[in-house]
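Visitor: In the order they appear, the protein sequences are chains A and B.
Mapping the first sequence onto the working numbering, position 158 (from 1) lands on 161, and the numbers just tick up by one.
Mapping the second sequence onto the working numbering, position 315 (from 1) lands on 706, and the numbers just tick up by one.
Everything labelled a hint here was simulated from the structure, so no lab data went into it.
Keep in mind that a hint or two might mislead.
So, partial list: chain B residues that the calculated Cβ filter (under 7 Å) puts toward chain A [stated by the list, open to error]:
#, residue
1, Thr468
2, Gly563
3, Ile567
4, Asp568
5, Ala575
6, Gly660
7, Gln667
8, Asn682
Pulled from the structure, derived: some chain A residues nowhere near chain B, Cβ distances all over 10 Å [to be verified]:
#, residue
9, Ile94
10, Ala125
11, Glu272
12, Gly421
For glycine and all other residues, C-beta sits at the position ideal for the given N, C-alpha and C.
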Amino acid sequence: MSVTSRRRRFAAIAIASVAVLATTACGDDSSTESADPNAPVTLIVDVFGDQGFGYEGLYEQYKKDHPNVTIQERGKGLGLGDYNTRLTQQITAGSGAGDIVALEEGTIVQFYAQADKFVNLADEGAGDLKANYLPWKWEQGTTPDGKVLGLGTDVGSMAICYRTDLFKAANLPTDREEVGALWPTWDAFIEQGVKFAAADQKNKFVDSATNFYNVVLSQTAGGGTGYTYYDKSNKLVLETNPDIQTAFNLTTKMISAKLSNNLQSFSNEWNAGFKNGTFATIACPAWMTGVIKGQAGDAAAGKWDVAKAPGNGGNWGGAFLAVPKSSKHQKAAADLAKYLTSAQSQIEVFKKLGNLPSQPAALNDPAVTSATNEYFSNAPIGKIFAAGATELKPVYLGPKNQAVRTAVENALRAVEQGQAADAAWKDALKNGAAAGK
Amino acid sequence: MSLDLDPAPPAGRHSHPADDERGPRRAPRRSLTRLDLKVSPYLYILPFFVIFAIFSAYPIGYTVWIALTDRSPMNATISFVGLDNFVEIGQDPQFWNAVVNTFGMFAMSTVPQLLIALLLANALNRRIKGQTFFRMAIAMPIITSTAVVALIFSMIYAREFGLANWLLDLVGIDPIDWRANRYASWFAISTMVDWRWVGYNALIYLAAMQSINKDIYEAAALDGASKTRQFWSITIPQLRPTIIFTLIISTIGGLQLFTEPLLFTSGSGGISGGSQGQFQTITMYLLDVMNTRFRWGYAGAVALVLFVLIAAMSAINYLLARRISSDK
């Protein structure tokens, strides 16, 4: 009898405590949504990439200004592919994503279809920010029906980073103005590469075919059709877009001239290539300067320099910050996102990692225009990259851009490994079509 | 289970009629006891089935459903497409390429793996110095993480500064681009698999060998049979059921080969398994379809076809096993 009653008492306590827990849990939810702006909140920021987004100092400042806010960052060191897979699942499931998530230029289009799972930042007062941005960057962050999905962080812009020591050894000029003048076009770039290859048997002129290709494609498409694998109605045009064929042919020409180091981008061997200095140039969006510095390390300080890219500007990469609807602190998250993407914050990130601002106010700021990078032989990186970004023609990227791009990149890697160029082009068309289905 | 306990309460009731006046108070308790006897066994096994239902039955059911749709995070609505996904798999060259790769690597790794394991076990079954040390040593690779194995082997098989190419260079062979050539990549991945699993299989064989009656060997030795003859005519026939067991385990593992080929390439596009899918396995293709192409419905169909393939292979193994045991 006493056992039963004790059991019953336990049951009663258990039920009561569950009920209390449940009500307090609900209470938590509703109170955070309530009006008190000073209630303590913890915001989780999801970023990607080996270098992260360079926000550490900004978090500290923001926490000082808003003592009730705690910020946690996740994802530094995570590759874009893994990051995006996880994020897609979290967004579709409606839970697990951070309060602020970073979306990359090539993948944000994929989330247009799920715009209803994100906070329309125009509702949080972000609509006024439109005038602050480069118009094409703002457009990329906005869905076709006008919802503000993400606030732009950086843009890629375009230049060529090169090793002065290898250039010198191959009897090429090393001064960045002269180097930039060597290659008015990509064909001229390949010609210089052939000269380099004749003088240097050991090292290669270009790191990989895929980086070269992506840069050439974005530039060709910017000056041409304005889109790559998908046209603006999201129809797959891999086979019919002449810009893709142009970029592909130029790349296979570069490979057959034996200029590529055949390194798979972002692989361990590619990283080792920076350390061992086995290639002389790399297509260089602004964010790549941070990658080079991180991978090549202190030993290569002063050996790198930055020159103008062949052709007329171009863009590769850049990101956005968005707030998923699964966030329990949407307003606080939107405020933080606005802070992190403000012109002043973009300048801070530029100073730290070299990521190029996406707001003209920041791009024209003396802190950017007069910036030099000690690591890159004091190159005026602000001037070089900002010039490219303001006059840049944007390229539209379709929903499965990443998957189709991987298929074409794989075809180019096969050429590096010895496959014939026209057979590889057929593979690219076939596998690209399957990937974009 | 509760058959001999169940009748007890009614029996007690008859033998103590004096208790009847307390009946109304005891009745709920008695029915509680009966409930306890009837229900509690199910409660004890419940945790397993709840977890099974959540993590196995539900996902399997959901996979079947999703395979009949065009579900994708990029589609606002889900539409039922019937067997379209399965028809597409039939004509999908990348899928069949993955099937060929999977079976190719399975054959390339399993045959030497089991042979080496047999020879190792046979060697360790003799009286040698440091017996325990060697027996422990062959089991060591099992406790290393697959990811670590794959990372280290992918450095050994690196194109530029890899150990394998350096060794080939010493004997005057041109360096091989291990990721470019289909068979070279299969070979490299097979060595990873074998390094990790040879010891495991050898231990199983060793245990089985030790249970073979020593008298048979003695009799054979008296008749003048050599060690080799003893191995083929006594050890192997006695090990048959064990060999079948290891074959089945290797089949299941081999058809789900994933981590080794995935981590064989680092950097972007690893899930493609080489520039032309030289070493993309079925499980890698499944994730490729799901995570880079966002075709969840199609990925569900791929998963079900993989299930059918494994079931078919297991059936073949089972028939083989029955055949061999009836031979005896």
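Visitor: All hints are to be evaluated individually against the structure, with a verdict given for each.
Guide: Hints, verified against the model:
| no. | hint | result |
| --- | --- | --- |
| 1 | Thr468 | 11 Å, violated |
| 2 | Gly563 | 21 Å, violated |
| 3 | Ile567 | 11 Å, violated |
| 4 | Asp568 | 6 Å, holds |
| 5 | Ala575 | 11 Å, violated |
| 6 | Gly660 | 5 Å, holds |
| 7 | Gln667 | 5 Å, holds |
| 8 | Asn682 | 4 Å, holds |
| 9 | Ile94 | 7 Å, violated |
| 10 | Ala125 | 21 Å, holds |
| 11 | Glu272 | 6 Å, violated |
| 12 | Gly421 | 7 Å, violated |
In the structure shown, a violation is registered for the earlier hints numbered 1, 2, 3, 5, 9, 11 and 12, in ascending order.
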